[in-house]
Every structure is written in structure tokens, then in C-alpha cells.
Amino acid sequence: MNAVLNKSMNHLAPLVAYGAIIYSAFLFAAQTQAREHLLGALDNETLLNCENLYWSGQSLEANACYLSIVRTVNPPEIQAEAMWALGDLYTADELLEQAAQLSPDNAMVLVRTGELYNRTFQYQDAYNFFNQALALEPDNAWAHIGAAEALSSGNNGEEINAHMEAAQSHFAAPSGARLRSMIMSINSVMERDIYDEARNMLDQAWDLVEDEGLPSMQLNALEAALAFVTRRTDEVQHYIDAALEEAPPYGDAYAIPGYFASITRRYSESGEFYQKAVEIEPNSWNAHLELGQNYLRLNQIDAGIRHIEISYEGDGFNPKTLNMMRLLDTFTENFVDLTFPNPPEGDGIPELVLRLDRNEVDVLTPYAQELAESSMAVFEERYNFPAKEPVIVEIFPNHEDFVVRSIGMPGVGILGVTFGYLFAMDSPTGHPNETYHWGTTLWHEMAHVYTVEASEHGVPRWYSEGISVYEEWNTGPIPGIKIPGYVLNFMAEGAFLPVAELDDGFMRPTYDEQVIVSYMQAGLIFQFISEEYGHDKIIDMLYQFVEGTDEVTAIETALNISDSEFDRHFKQYVDIQFGPLLNNLPIWQQDLQTTLQEFDAGNWEEAIAAADRAIFTFPDYVEQDSPYIAKALAHSQLEQDDLKFETLETFWQLGGYSARALKELADEYIARGQKTEAIKVFRDVHYADPFDETTHGKLGDIYIELDQPAAALQEYLVGLALNPLDQATANYRIASAYKALNEPAQSMGYLMTALDIAPQFRPAQQLLLELSRTEN
Amino acid sequence: MRIILVFSAILMSSVSLSAQAELYVTIVQGLGGEPTFEENFHTQSQTIAEASASLTDADKITFFNGDDATRENLLRHFSTQSAIMDVDDRAAIYLIGHGGFDGEEYKFNIPGIDITTDDILNVMDSFPGQNHFLLNTSSTSGALLEPLANENRILVTATRNGNEKNATFFGEYFVEALSSEDADLNKNNNISIEEAFGFAQRQVEEYFESQGQLATEHPELTGNGAAQFTIARINQVAISTENPRIAELQEQNLEIDRQIESLQLRRTELSNEDYIEQLQALILQSARINEEIDQLTRE
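If you read the sequences in order, they're chains D and L.
At position 381 of the first sequence the residue is numbered 381 (the numbering used here), and the sequence of numbers has no breaks.
At position 259 of the second sequence the residue is numbered 259 (the numbering used here), and the sequence of numbers has no breaks.
Derived from the structure by calculation, the hints contain no laboratory data.
Nothing here was measured: the structure is a model prediction, and the numbers come from that model.
Treat the hints with care, since some could be wrong.
As the list claims (entries may be wrong) - If the Cβ cut is set under 7 Å, some of the chain L residues that face chain D in the computed set are:
| hint | residue |
| --- | --- |
| 1 | 21 |
| 2 | 185 |
| 3 | 186 |
| 4 | 188 |
| 5 | 198 |
| 6 | 276 |
| 7 | 283 |
| 8 | 284 |
| 9 | 289 |
We put the CB at the ideal spot given by N, CA and C, even for glycine.
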């Protein structure tokens, strides 16, 4: 028995439930839907006649042709194909099930059922059907290709390769199946930016097409895509035209280059391709979705919503569409835009837009604005690139909303994504623990804006990521080279990739930690270039990517050495910088472990001793499991306040960002009368944990003491926005700041709110007396 | 051991009970099972007893612990108490300890036979008048909410239902509120049930958040009158017996407090402008009085 097509919401759903009556009504309104060319997978002449009509652009005739198949006596598997072509996937599914019951040995019925399930994103069911087909016909090339496609939604590289190999190598494999298999392979190598190999494979595919007389529109679309990604832009349209000449309704002639434009982060051009794709093929629901996502990335929100809704109306199977629809509800209802400067200067166009959740806007705005504006100024100067459009910063309190906004599907552990002048990132509330420093993420993503836009979206992934990490370390809110402990293990094992292959570490990781290892390697590469060749060389290389130069050539041109020479020098740099540590890594890790074990056992003296040894080996290590934290806490247990303070101070000065540790340090500074230092620490806390009302209150109080009421007011307003339990104090603090700013009316408003809550609140009563005497 | 506590009487700057009304406080320290729990429960119970001493006469505060905290003794005590209570009087019962819920019945763990939902319901129902208060800090204590539900009865439980079975932190924070200025949100030097609950609830949330753990307890407060029911006083100010002028000013301040309370109750009858104007005038008077008291005190 067939699995049942799942569709959470769709206007076609009642067709199955109510059977023949609605079935007729549907046929009256049916229109041929976009689907892939059969490439000879089926040989029913009546069906192929309909297919030919469709692909030759005679859509009305094709429609009538498919309808006639449904209305006349035909095998159920052929009727299923007609219903599929007419867009009724449920009935197609039922008919295929009937066909399977009538012809249990017909492998192609199972293959086509699998294809239908692949098209409806139900890959596990699809895979099962292909396997059933392969049980009947182990060499069925179509089944192998279908199984490979079903598996490609997961992470099953070896099994995919085995199926692809089986499809391509068997002597009896139909030429259409071999072509489809080659097209999948070309897509795969192009997704990995291996354009030379794609070129070779395309040439082989062209030979096959010409020898066997197969349709060539898919190859032309891939040629267009390859021309686009290799910056042969004047050739793109030629290939698209050739595809459309052969198959006028073939929207993928544009959608395929659109896809490759999108994955190479050229969203503007991608949108243009997809726009043309939906003009040619209005029923290409996936193209509408991609177009909608592209519009959202380009900050054309209304247009984005429109196309995603069209996609949803047409195809409720696509989980990406469903996710996007759910996101749009949040996006349109919960988010507000704030523009800066306000009002805009000069041409009236703002430089910065913060798009924040309503519940977080009052808390995050001052710090996000300050960080965004300062990072923009830094990057403009360091990369000789003034932003040409407003930079839009979206901060999501819900991590899954952020991921869906970024890539369409939830469940991915990313923190920020930059599309160009717009980037999206997680709010600190999306990560309720101490490991997330949102200020650094904002800084990192803002660096992407400048590298991506300065290179006109031509910068390789590793290059852009490397600069962002390098900027985190050198100009970010918590400067200092920060390498997670587990990455050191990989460094000790020599896991860094040659620079020419570094993109693979991001795009096609071969082990779980490789993406982070690659981030660190890329950051260190720019640290190395900056120290050995100067920061200007980084800029020189960046601007070479505008012309489509590859990284190897860019290195050769800017640094005057080959990439292999560069790798050798870089290794020497890493050996010099980290060699002593990496050689002693097991000892350091043992000391770190001992620190935590002794601490957990309450052996404070032993914990401190082990922490001191770990710090001696690696003094710059200030991650969340830093020995400084355990050491400070152990000193605290022993009531060694000065040692605790010194430990926390060193931790902070080295770039430690544990909010709890920093709050302790700030309190120590206050107790010691070092208010300026306390301010600096509290401000650092904001970039890790801005949702602690106590911090804002304490910082505001220091500002008041230092006669900086405007700064105090900002902190107090944020404190009130956090809806503190003690509303009276929060309102009183604001009133006192306004009083200090000589704004008595504002002061009185907040003061009376405080006194309404707490009439006997003595400091507030005192302020009321002062205000009333000033009035008189 | 049953302890009757004796503490000195302190000025009540805001009176929640009517002039003749009495407050009857009963504290039951349940079985701890382990020394740490025993110690914690005892400290919490003692603190409640001390806080209550600022609100009512010592002979109206009863503290059951150890072998005395049996079902028989408790039921006898409550029977006697309800017999002498007036309709204007209020009862406050604090159950500090462990509890269990088997899906049908909640039990608070004491030596011998535990007290059950029905026992507690019968006790609460036996009191004349309304707005009596029950605090139960045990795990699963939320199982009491439904059977005891009554809008004229104030219930505070450490959990929201009978399924939250982990040992709770709520009681510790609730008791901390009784002497915390941070819990005194209206700065009147009184801690109401609502204030103590809000303080403890926030602390529980912060605790679990700081540990990066899902909260295993969600405190609940039901019933009317929690904001008006004072359960502790902090920074108590005694009416001066040495300086008659200060005593007079303190009395005036109490009168102004009553006027403010009355104004706040009539808030919906006034425009916002009128309300703020009248409130401001009253608080200004109070502020001037306090200023004069401070001056006289300094002299």
C-alpha cells in the first residue's frame, strides 16, 4: 500500500475525500503544471504526445491532451501521469497505487511513485519506493537516480555515489537516465564551485545529447548558470534563449542560473532570473518561493511575501514554503523598523535600519545602534568602502525564525547570515545561556556586509568569513584572538586545509567540527597576512574578487607568492604563534580538567593551583571554561577578595566575556570606587547579556554619580523596558535622570508613576519636594 | 516542640485588618527526610514565625515541628482556632516541607499520618469569614489549587499542579522576601503576600535560567486580596514615645496613607489629571511631614 501524500494545508485536499464529484469539477479547471522532462523514462505514445505538446509551448493543446487521457480508458499509471501533469498529485498517487496493485512486478510504477514523492518532498517514502523498484530490477537506472535524489536531502554521500555510479555505468542504462544522472552530477560539482570539472562534464553531456538526440534545454540552462558564476555574463542570455527556443515553457532556463546566483550570494541577479522564470512558467511554485526569499533578502518585503504566498497557494507540500509562511506571520506582526540617523541627513536616506522584535526593541536599540554605527565607521575606513545603501540589521528572538528567514528550514546552528546590505542574526534571548556574545555576532556580520558589497558579491566564502573573524579579534567589542579549546586539538593534528581548498571546510565539511576549525583557520590567515604583509594587502585581494579572480590568483597577485608557498608560510606562522601551546596541549588540557574537578570537589586550594598551571601554559584562554573563572570562584570561597578581583580583572582585560564573571567584576570595581572601570565592564556585559535589569540600574546609578544624566537615562529606560519587579524604583530612577537633565515635566511624569505604586517611597518623596520647590 | 513566640509590638504603618480583627498564624514544619532539608525547613519556619510576630500577638502564632506536628495535633489546633475566630479575623497557614501527589490525593508529609487535601480543605472551610491564606512550599503542592479553589481564599503553592515532583526552591525565596527591601515594591515597609510571591517567583525563574535548566516548578497564586494581606514588616518605625510632636506627625502620616489608599480605590471615578493632582497633593503633605520628622529626629 502506498504511503499517503502529506500536505498540511492545500486547496486540493478535499479531492481525495470527496472523490468523483469534485474530481470532475477539478478537471474542468485543471491546468498543466510544471514538471520535469521525462527524458524517455516512459514510452506510452499517447502520454508522450501530450508531453511533446507541453514542451513545445502548446499549453492549451497539452491540457486537452492530458484531459483526454484521464477521460478515456488508459492504464492507471498513464492516467496518473496525466493527473500529475494537471497538478492533481493526490489522484496521481491513488492511480499509481492502483497500478502497483494491478502490476506488482512493474518497477517503473514504483519508480514514478518515488518520483512523485520526491517532488512532494517526502524523501524517505520516495526512497522506499525506489528500493522496492530496485528489488524487482536491480539495474533500473531510473530507480538508482531517484534513490540518489531522495538521499541527497540528507547526508549520505557514499550511498548517493553508489547509486549514481550504478545509474551511469550500467551498459543497459537508458540514455535519458544517463543524461539525468550527468545533470545531477554537474549540479553537484557546480554547487561546490568546481567549475573546471563542471565544464568537462558538460562537454560529455553535450556529446551524449547529440549522439542520442536527447533534449538539451537543461544543459543550456546549466551552461547559462556556469557562464554566470564564472563571470561570463555576456554569454548567459545566449544559453537561456537556446533553452527556451527548444522548450518555450521551460522556466528553469532562468531558474537554474537563478539558483546558482543565489548560492553564490548574488541575490539581486538571482531575483532577476527568478522573476523571468515565473513570467515564463507561472506555475513554477518553487521559483515563486525562491523569488520571494530573494526579495526578502533584498529587503523588498511586500514583494517577497506576495511570491511566497503564491508558492504556498500552488504547492503546500514544500516544507520551506510552510516554514516561510509561518515566519511571515511573525515577521509582519512582531517586528518594527527603526532608522538612523533619525531624521535622515543629506539625501534623506537612512544609513542604518534596525529591525527588531517589538518586545526587545526598547532594550536592544541603544546597544545595537551604537555597535552597528561604530562597526560601519570602522569597516568603511579599513576597507575603503562606504556603504551605498542603508544597512539593515534584523535581530530575531526566536532562533528557529531566524534560521528559516535565512535558509528556509529550521534546525541549523547558525548565529548570523548576511545577504548583502541586509543581515539577520540571533538575539541574546534566542540563546538562554552564557555562550552567545551577540555583540561579536553583529560585528562579524557587519564585516560581511562590507566584504560582500565591496567585492560586488564576488568574495569567496572563506575569505569573507576569515575577515569577519579577523575583525572580531582586532576591532570587535571583545578584541583578542579567541580559539575554542577543541579547535586546538585539530590544529595540533594539522587539520588546517590548503588555502585553495579552504572553502570546502565551510561548504562541505567532512567532520562535525570542521566548519568552526575553518573559521579559525581563515581568521588566522588574515592575522598572518596583516602581520606579515600588512592590512592593505587584504584590501588589495578583496577588490580583485570584483573581477571574478579566484583566491589562488588573488594571493599570487597581491602577495607575489604561490598558494602552496603561502600555505607553507602560514604553517610556519601558526607554528611560531601556537607551537609551544600545541606541544603542551595535553598538559594544558589536563590542568584545565583538574581545575574543574578540584573545584567541583570543593578543593579550592588545589583548584587554584591547577588553574594557575593552566593559565601559565595558555594565558589568553578566556572561553566559557576558562581557568580564570574557576580560579576567581575558588578565591571567593577562600574569602581572598583581592585575588578574586585580580583574577577577574585579568580575565576581562584579556577579552573574557562571561556575563556572570563580568558582573562580579563590575561590582568589585564599584566597591573599590573605580567607577570608570565599572562602566566599561557593564558596557561589555550589555553585549553578552543586555536583558539583566540589575546591570542597567547599577550602570545608570554610576552615571548619575559621575554627572552623566543622559547616559544614566538611557540605562534606566532600558531597565524599565525589562519590566522589573520593582517598578517604583525603575520609574524613580528615570525621574531623577530627567530632573538632572532639567526636564521637570518628564521627571514629574515618571515620579508620579513611582509614587502611585509606592506613596511612602522616601527618595521619591524627596524628589517630589525638590521638584515642587523648583516650580515655586 | 510547639513554640509560642513572643516579640515586641511594632507600629503598623498601614492596617489591613480592621481595628478589632485578629491574625492567627500557624506554621507547620513537615518532615525533611534529610538533615539539609530539615535544617532548611526549620530556618524557613523560624523566619516566618519571626516575621509574623510583627503583625499579631504572640499567642496567635503557633509553630508545629518535630513530633508535635502530627495530624491529630494539627486538626485539634485548627478546630480550637476556628471556634474562637471572628468573621473579621484572618488565618494564615504555612506548610513548609515535602508533599506528594498520587494522581488523586495530595498529602503533606508530617510524622505519622499525613494531612491530606480533604483535611486542608476542611480546615480552611471551618474558618469564619474570608481571605484566609495558605502557603504550601512542597513539591506537587499545586495539586491543592483545584480542590481548594475559592476566589475569597488566598492560595500560594510552589508548583502549578501535582505533576511537578522535584524538591522545590520556592519556599526559600518566599521566606527571603519577608525581610527583603527588594520585595517591598510599594516601599511601605510591609511585605504583602503578592509582593513575597512576586519576589519568589522571579527568583525561581532566575535560578533555573542561570542554571540553564528547564524549570521544574512554577509557583501559583490564586484568590483575591493578596496585595492587601501583609505577612511581614521591614524597617519598622516605632511611634515615638519621647517626642509628642513626632508622634503627632507620625499619626498624621498614617492618616494621609489612609487617604491615599482611599483615593487609589476611587481612581476609576476620576480623570487621570484629577487623580494625579490629588495624589500629588497628598504625597507632598506626607513628604513634608517626613522631612519634619527627619529634622526633629536629627535634633
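* Violations among the numbered hints -> Structure breaks hints 1 and 9.
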